[in-house]
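Please work from the sequences and hints to get the whole structure.
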Amino acid sequence: MKEHLRTQLGGFFISVTLINLAMFILGLMMEPDLQFGYEAFAYPLIYGIIGSIPGLIMYSKKELTIRQTLIREVIQMFMIIILIIFFMFGRFKNIPDLIPQIVGVSISIMVIYVLVHVFGWMIDLKTANIMNEELMKFQKNVSKAENE
Amino acid sequence: MEISIKKIGEEEKEYIEIGCHIRDERVDEIVRFIRSREGILKGIKEDRQYSLALPDILYIEAVDEKTFIYLENDCYESGRRLYEFEEVLSSRNFARISKSVVVNLMKITSIKPSLNGRFSCVLTNGEQVIISRKYVPDIREKLRGGAV
Chain A
1 MKEHLRTQLG
11 GFFISVTLIN
21 LAMFILGLMM
31 EPDLQFGYEA
41 FAYPLIYGII
51 GSIPGLIMYS
61 KKELTIRQTL
71 IREVIQMFMI
81 IILIIFFMFG
91 RFKNIPDLIP
101 QIVGVSISIM
111 VIYVLVHVFG
121 WMIDLKTANI
131 MNEELMKFQK
141 NVSKAENE
Chain B
149 MEISIKKIGE
159 EEKEYIEIGC
169 HIRDERVDEI
179 VRFIRSREGI
189 LKGIKEDRQY
199 SLALPDILYI
209 EAVDEKTFIY
219 LENDCYESGR
229 RLYEFEEVLS
239 SRNFARISKS
249 VVVNLMKITS
259 IKPSLNGRFS
269 CVLTNGEQVI
279 ISRKYVPDIR
289 EKLRGGAV
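Going down the list, the protein sequences come from chains A and B. Residue numbers for the first sequence follow the working numbering, so the first one is 1 and each next one is one higher. Residue numbers for the second sequence follow the working numbering, so the first one is 149 and each next one is one higher.
Calculated directly from the structure, the hints in this document are not laboratory data. Everything hinted at is true.
Distance windows between CB atoms, simulated:
| id | chain 1 | residue 1 | chain 2 | residue 2 | range |
| --- | --- | --- | --- | --- | --- |
| 1 | A | Ala-145 | B | Glu-213 | 32 to 42 Å |
| 2 | A | Ala-145 | B | Glu-234 | 20 to 30 Å |
| 3 | A | Phe-41 | B | Glu-213 | 51 to 61 Å |
| 4 | B | Arg-174 | A | Met-58 | 57 to 67 Å |
Computed list of lysine-lysine pairs in BS3-like fashion (alpha-carbon distance at most 30 Å, straight line):
| id | chain 1 | residue 1 | chain 2 | residue 2 |
| --- | --- | --- | --- | --- |
| 5 | A | Lys-126 | B | Lys-290 |
| 6 | A | Lys-144 | B | Lys-190 |
| 7 | A | Lys-62 | A | Lys-126 |
| 8 | A | Lys-137 | B | Lys-260 |
| 9 | B | Lys-247 | B | Lys-214 |
| 10 | B | Lys-193 | A | Lys-62 |
Positions of the beta carbon are idealized from the N, C-alpha and C atoms, including for glycine.
Pasting the structure below:
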């Protein structure tokens, strides 16, 4: 569980950064003249927290296979989309008029979700490379000791 | 080459001494063979018990209350529990890499990040075994410890 929380926390910070970027790009594209107050700084954090909820709920003690994990990740991504869309647009009555924004936000969430995993994988790749170097040294040392 | 075997008392430590003119590949081969026989596990296959040399073992896995010992092309069952193997082999070149697997570190060819947020190690027979994040710090500590 501790490791899972750590992974979730790492994902949260990457998400917040990417949400900031997505808000900046989408804002410029859709409503470039809109102005915000200081509360705008809180939104990436709130979206980051909302995005972390499915991951915390769907924690499994079982060691899942790659296939099981992929299915779980897809479900998790759609849960995040539903939660954030509900949080952002739930209070509006004229939903059909908001479809372009909803589609834009949904695509942004998908892109962010994939990028969070890509960045996480890149960090893991670095760890794996370090471990490979340590493994090579270890094996070399053991073989040397056995031959002496 | 003359081979002599001398019986010694129980209170004395067993030893093997090689008398040679020069230490060459032939002598090293004998040393490697003797070292490989230092650790042996018992495995059962088709109701017959076999002695398995530690250096030949790839990994040990617990599946549904049963424990299996995997070699390059063979698999043997054992009556011992995984935690017992973990204890016995902790001073050797073995490490726990997940809830259900203890691996021979000398049989890992590479480590890579896995899609399910974990790592996987490729063994000398091409098989891939999952490494849980939880065990990564312990594995790294063991690898940094060098020859054991």
